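S.K.: From first to last, the protein sequence lines stand for chains A and B.
Sequential numbering of the first sequence, starting at 1, is according to full-length UniProt numbering.
Sequential numbering of the second sequence, starting at 1, is according to full-length UniProt numbering.
Calculated directly from the structure, the hints in this document are not laboratory data.
Every value quoted in this text rests on a predicted model; they were computed, and no experiment measured them.
Some clues are possibly wrong.
[What the hints assert, rightly or not] Among the chain A residues that face chain B by a calculated CB cut under 7 angstroms, a handful are:
| hint | residue |
| --- | --- |
| 1 | L193 |
| 2 | V217 |
| 3 | Y219 |
| 4 | P257 |
| 5 | E258 |
| 6 | G260 |
| 7 | K263 |
| 8 | T288 |
| 9 | D289 |
| 10 | K293 |
| 11 | N361 |
| 12 | V410 |
| 13 | A707 |
[Stated by the list, open to error] Some residues of chain B that are not near chain A, with every Cβ distance over 12 angstroms (derived):
| hint | residue |
| --- | --- |
| 14 | K174 |
| 15 | T206 |
| 16 | V217 |
| 17 | E258 |
| 18 | R262 |
| 19 | E450 |
| 20 | N460 |
| 21 | S528 |
| 22 | G530 |
| 23 | Y536 |
| 24 | K734 |
| 25 | S755 |
Heads up, the beta-carbon is just placed ideally off N, CA and C, and yes, glycines get one too.
There are 2 protein chains.
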Amino acid sequence: MQKQMKSLIIALTCMTMPVMAQKTDLVNPIIGTNGMGHTFPGACAPFGIVQVSPDTDTIPHNINGVYQPRVYEYCAGYQHKDSSIVGFSHTHFSGTGHSDLGDILLMPFTGKLQINPGTADNPDSGYRSRFSHDTEISRPGYYEVLLVDNQIKVQLTATERTGIHKYTYPTDQKKQLILDLNHGIYNYDGKVLWANLRVENDTLVTGYRITNGWSRVNYTYFAISFSQPIIHYGYIDREKVNYPGGFRRFKTAENFPEIGGRKVVSYFEFKEGNTPLEIKVALSAVGTDGAVKNLQAEVSGKSFDTIHQETNEKWENALSIIDAKGSNDQLAMLYTSLYHTMINPSIYMDVDGKYRGIDHNIHQAEGFTNYTVFSVWDTYRALHPLFNIIKRDVSTDLVKSMLTHYNQSVHHLLPVWSHMGNENWCMIGYHSVSVLADAITKGLPINKQEAIKAMVSSSNIPYYDHTDEYKQLGYVPFDKSSTSASITLENAYEDWTIYHTALLLGDKQIANTYKKRALSYQNVFKPSLGFACPRYKDGSWKENIDLLSTHGQGFIEGNAWNYSFYVPQAPSDLIRLMGGNHCFIKKLDSLFTMHLPDKFFSKTEDVTREGLLGTYVHGNEPSHHIPYLYSWTTEPWKAQYWIREIMNRMYRNNIDGLCGNDDCGQMSAWYIFSAMGFYPVCPGTDQYVIGAPYLSYMKVNLENGKAFTIRADKVNDKNRYIKSVTLNGKPYKKAYITHQDIMNGGELVFQMASSPNKKRLFTEDEKAYSLKN
Amino acid sequence: MQKQMKSLIIALTCMTMPVMAQKTDLVNPIIGTNGMGHTFPGACAPFGIVQVSPDTDTIPHNINGVYQPRVYEYCAGYQHKDSSIVGFSHTHFSGTGHSDLGDILLMPFTGKLQINPGTADNPDSGYRSRFSHDTEISRPGYYEVLLVDNQIKVQLTATERTGIHKYTYPTDQKKQLILDLNHGIYNYDGKVLWANLRVENDTLVTGYRITNGWSRVNYTYFAISFSQPIIHYGYIDREKVNYPGGFRRFKTAENFPEIGGRKVVSYFEFKEGNTPLEIKVALSAVGTDGAVKNLQAEVSGKSFDTIHQETNEKWENALSIIDAKGSNDQLAMLYTSLYHTMINPSIYMDVDGKYRGIDHNIHQAEGFTNYTVFSVWDTYRALHPLFNIIKRDVSTDLVKSMLTHYNQSVHHLLPVWSHMGNENWCMIGYHSVSVLADAITKGLPINKQEAIKAMVSSSNIPYYDHTDEYKQLGYVPFDKSSTSASITLENAYEDWTIYHTALLLGDKQIANTYKKRALSYQNVFKPSLGFACPRYKDGSWKENIDLLSTHGQGFIEGNAWNYSFYVPQAPSDLIRLMGGNHCFIKKLDSLFTMHLPDKFFSKTEDVTREGLLGTYVHGNEPSHHIPYLYSWTTEPWKAQYWIREIMNRMYRNNIDGLCGNDDCGQMSAWYIFSAMGFYPVCPGTDQYVIGAPYLSYMKVNLENGKAFTIRADKVNDKNRYIKSVTLNGKPYKKAYITHQDIMNGGELVFQMASSPNKKRLFTEDEKAYSLKN
């Protein structure tokens, strides 16, 4: 919290902001920047495509003589443990489990020109610099650090499409700058397909690069304006292209205004003096003209401090959707989670509405804002449902962006894992249908007929994840896919969302087809085992399944224990399959309490040891709804116990505070819902299943002007159990509240106690939705 | 001529065209397809961006174990001497001395799939096929050949933006097709930066590729429609990309509708049967959406035969600008020359006006058609002046395209050698200023103020070809450039065009500045030598200059003999510098008659042995005006002799019929002017210097509805000398005619004789323009 206070004081003294506690002061972006969180500490505006942030060690590392990119560790370009900064690039994923981006790196320096980044072991070997975390300030929309080697103070802020740098050099040194178009995250040799650079005049540089990273082909155009004139510049191309045109005739290495190549690193010089150098870097996926437009529209004529203040206000407004009371650490965790939900997806459109589609063509957005970075397998669970409460305009645009993706897709498929005009095909299922279903259920103004058409199409791509066999057999056979059971379980839920949407739209034919498909989970539930189990094409079950292993058992990012609970559309039927209420409770209890040998943990991706409770894996998403399943049993109070355990153990206000990848806000959205005391177990229904409140007071200031307040005056780690509930002053008996309850505004009050109220049980009618056979 | 007759008969019988001799029947596109001509035999529409043509051997060849592209020999993708065809690609330069393009190659086949092209030595090793010239038909807008290996008849035609293929397979064979996105002309390993392919449905495929060839980065998007449904398809990527996204999860090799990579070769299968397969391939530089628009607008719903007929009519109209009488060979040469002038520059714009600029951004053309492929160093001499007579609308758009290039250029420079949104910096000078000057002098409707601004800017780029030193010293010093004398001489002429334009526009300040610069040729004329000679920065001359060598003597694509005559703006002053009339004639005589040892010829680029007369080098451009310089002397009849010699020796109706690169129509435009009997020695003036007519009758059917006729009833190789001239029936005494004389319509009649009329001499007033000191 010392850091927090420091940044708060600086904000108050430097920026002459009103002297009152602000939400932005509570956010600690450094949470999750070490280890598995994969968050970044840099500056961005809410949902901005630019995240300007320090990259610490993204160059390939030598494995047995072969240089390999650090694919996983540097998903966000930054690991807190590192001691040198390579530079400040403009695009970063927030909390993903795959890496890419790191586009358009700037690095200020003085003295001798070095055109390579150097290594972490020997920072002096390149343009990188040592730094100390003591000099780091990380706030929403603001980052600051002192580069120790050259004693350059770096300040960063951002608008939606522009990163703004303010570099304070030692006054007696010529100001110098690296612009490395070869730098990137997941930067294998050859990632940059082409880079281009134009020095338009002495204060404007434009260019672009095309990369083949995780996105197969990514177009990043830029426009960079400088507050002081360039007095000298040059570049090197580390890999001479075969035919560079007539450039041989020029001394292009210095002061030649246009260059192109595969590995272009350029440098710029500015006069010495005590005025800091301010640099504005606007991005576009359309063209350098688009980048210039973005630059002009967003930051032209504005100082660093003005932009910083405006972006701070954007964040303050965005974070003010929720008021809360709690300890400093609790509020830091809550508002940092809220902050992390508003980074990805990101606006992928120029100020004039032009954007690059999944067909790589340039389109004009009509009546919506186009977004990219859809980590849907993660985010359909809680992030999109959260947006349907707190960010309904954004959520509408997200759905429209998904429908646009569908319309431009040669597969006629909604996004699976897409970013920057590419489908990355990461993870399984067609979970965008859940996002659309939830949007329709919760009344977003989207074209319902277009939506159901896209949902039906996306669930019928024969070559995608063995959908053909899934439709034919009722399950994906293990002969065909090593993750067949996971796919079957997830498809079944997704098919339920289509069924439910068809019901809402009155389309019985689609409803009938998809109701049947929604029951497919039954086809991979092995009664004799009491668990989900992969099955071969001939109907036989995989023998000797290892229930704890996450590898080779028919599942992905989870084991049979985790995935067997993945029937969010029909918990009551799942309880039946697992042997009834008693057996089900036993099994849930075991899940949270069993001993998981380290050998299995070491094979569980994406999570820290702290991300485990028994074999409940919170660092990966398939389990996220599981604690809430107690609400369908006779022991709902156990949910109240475990949810608080998860929140206390797996979300902490420090660099290692996330127990697994934040996954573009899904981990954070889970936290926010769970803090409020309810969770969307089955997106597509209008129900939020009650767990237990985490804080004594939370208020959601809805965009419709109403407010929904959650009170739990005496809640604490001891008083974690619900004694009783009232909604708007009336006793509330159900296991869930509805979307309308929230949107109407009102007050949900929990009486808490240190021991469970074992009489607070739910009739079938009081339980949340469960599909019947 | 046998081939001509055959094609004529086919045209008449198959296409039910009206039975009358047509201009298109006279064109023999095979002229120049062997050796140095660098023309291609395939099909294109006038000024179309698509030239669909067979490529014969453009794969790299092994030089000491290193595979190198055949940069020079395969500029047009085709050498007549070759015996196998690799396939049919859609973009080709016409007659250049540098290679690139060869985009989007199709090759039909039957039987076993082979995904590599194979080698010329062993055609069976790949998808290429043997062929015989006996089965080849090459006409404007039409090409036909039988692929011997698979007995597939190939017919090609084209619109401006679309190549159309008609493949007749053996009826019992499954129709198969290679689409090789890795093929190209100048196809070094790594030329393709990225390729993308989408099978939109069973009759439409779209995609693009980005290449780094001669143009540093070239974007070629395409849309391909098939007349029959694809029943099976697949691809291989010869170089797996490092991270292909989740494509690992799919069997993408077959029937997967979207692929991307660096070396993508795809194949398609269609049912067997006796209906030929018709394929339409539309190109765009904007996007696949642009390509689809082009496809729909130009060829949708039209059969191969219909399109062929329409394109034939376009050529017939285009070629009908000139009527002529002559021998079959003479007419073949004339109309093939006219045909060759209407290929490059090419339309570089989608049907909706969108195009890719030199800044690589997408622009909307307002009120003009955007063109590309500007080989300006060649074409400013005669091609653009010819267009100013016969294709004024096109010429206006060419100038507007050049001005657009200037406006988008980071250098603020008009095109030097540009194609497909790139500046290739090939050759020297800033010759677009001549094109603009000629356009203004000849009254094209362009913005004169914008033009002079672009001209002044282009002639003041300090880092371009040592313009800074040229301005300072009055010449480019040999210390700085190995071609310094050539640059100085050419800059001086270009500066004259700016001077002359400024005079026309009444801008005395610019005129004064550029008049001085226009005399810079004097600074590299060494009086004691009697020749132009490179000079060092300190004013001293290069010693021991080798007047015959084209290398290392301060010149480019020419020697001191050639370049010393390069003062088109001031022939009278050149005569003075060379010692007066008598000495000048002697020097000209020597030029045409001297013995040039083979050692020099072997170092003379771009020309065949037949392209030399003495050391007059017609295969390269710097000499093109030289024979006309006799008109400033007391022996103008010698021009009449040598011009006919050049035409007879260096333009022949056969595969080797061009003595050097056609250079995008410059060689052909020289021929057309010279055949009419006059030539624009100094573009920018309104004067055409009279040489001698080649044919007994030529008539230019001007776009303004008037006609300009040239008659020389008795002209032949013997009667090559002018006895007298009348214009519109009145005796004509001048050494030149004016642009207005032509545009007014009228009749220029030459009385010819077998011996010179040595009394036909010109007073100073009757001679064409010559800048005075």
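S.K.: Confirm or reject each hint.
M.R.: A quick look at each hint next to the structure:
Given hint, L193 of chain A at the interface with chain B, holds; its Cβ is 5 angstroms from that chain's nearest Cβ, closer than 7 angstroms. A hinted interface residue such as V217 of chain A counts as satisfied when its beta carbon comes closer than 7 angstroms to some beta carbon of chain B; here the least separation is about 5 angstroms, so the hint holds. At its closest, the beta carbon of Y219 of chain A sits 10 angstroms from a beta carbon of chain B; the interface hint therefore is violated under the 7 angstroms criterion. Against a cut-off of 7 angstroms between C-beta atoms, the interface hint on P257 of chain A holds, since the closest Cβ of chain B lies about 5 angstroms away.
With a cut of 7 angstroms, the hint placing E258 of chain A at the interface with chain B holds, because the nearest CB-to-CB distance is about 5 angstroms. Below 7 angstroms, beta-carbon pairs count as interface contacts, and G260 of chain A has one with chain B at about 5 angstroms; its hint therefore holds. The interface hint given for K263 of chain A is broken, as the beta carbon of that residue sits about 13 angstroms from the closest beta carbon of chain B, more than 7 angstroms. With a cut of 7 angstroms, the hint placing T288 of chain A at the interface with chain B holds, because the nearest CB-to-CB distance is about 6 angstroms.
Taken as an interface hint, D289 of chain A checks out: its beta carbon lies about 5 angstroms from the nearest beta carbon of chain B, inside 7 angstroms. Contact between K293 of chain A and chain B, as hinted, is not supported at the beta carbon level, the nearest pair being about 11 angstroms apart and thus beyond 7 angstroms. The restraint placing N361 of chain A at the interface with chain B holds, with a minimum CB-CB distance near 4 angstroms, inside the 7 angstroms limit. Taken as an interface hint, V410 of chain A checks out: its beta carbon lies about 4 angstroms from the nearest beta carbon of chain B, inside 7 angstroms.
Interface hint status for A707 of chain A: violated, as the beta-carbon distance to the closest one in chain B is roughly 43 angstroms, over 7 angstroms. Distance check on K174 of chain B: its Cβ is at least 23 angstroms (rounded) from any Cβ of chain A, clearing the 12 angstroms threshold; non-interface status holds. With 12 angstroms as the threshold on Cβ separation, the claim that T206 of chain B sits away from chain A is violated: the shortest Cβ distance comes to roughly 8 angstroms. The Cβ of V217 of chain B sits about 5 angstroms from the closest Cβ of chain A, inside the 12 angstroms cut-off, so the non-interface label is violated.
For E258 of chain B, the requirement that its beta carbon stay farther than 12 angstroms from each beta carbon of chain A is not met, with the minimum near 5 angstroms. Not every CB of chain A lies more than 12 angstroms from the CB of R262 of chain B, the least distance being 8 angstroms, so the non-interface label is violated. With a cut of 12 angstroms on Cβ distances, E450 of chain B stays outside the contact zone with chain A, its closest approach being about 20 angstroms. With 12 angstroms as the threshold on Cβ separation, the claim that N460 of chain B sits away from chain A holds: the shortest Cβ distance comes to roughly 14 angstroms.
Consistency note on S528 of chain B: stated as away from chain A, and its beta-carbon is indeed over 12 angstroms from all of that chain's, at 31 angstroms minimum. Even its closest Cβ contact with chain A, about 30 angstroms, leaves G530 of chain B beyond 12 angstroms, as expected for a residue assigned away from the interface. No Cβ of chain A approaches the Cβ of Y536 of chain B within 12 angstroms, the least distance being about 19 angstroms, so the stated non-interface status holds. With 12 angstroms as the threshold on Cβ separation, the claim that K734 of chain B sits away from chain A holds: the shortest Cβ distance comes to roughly 41 angstroms.
S755 of chain B, annotated as away from the interface, keeps every beta carbon of chain A farther than 12 angstroms; the closest lies near 49 angstroms.
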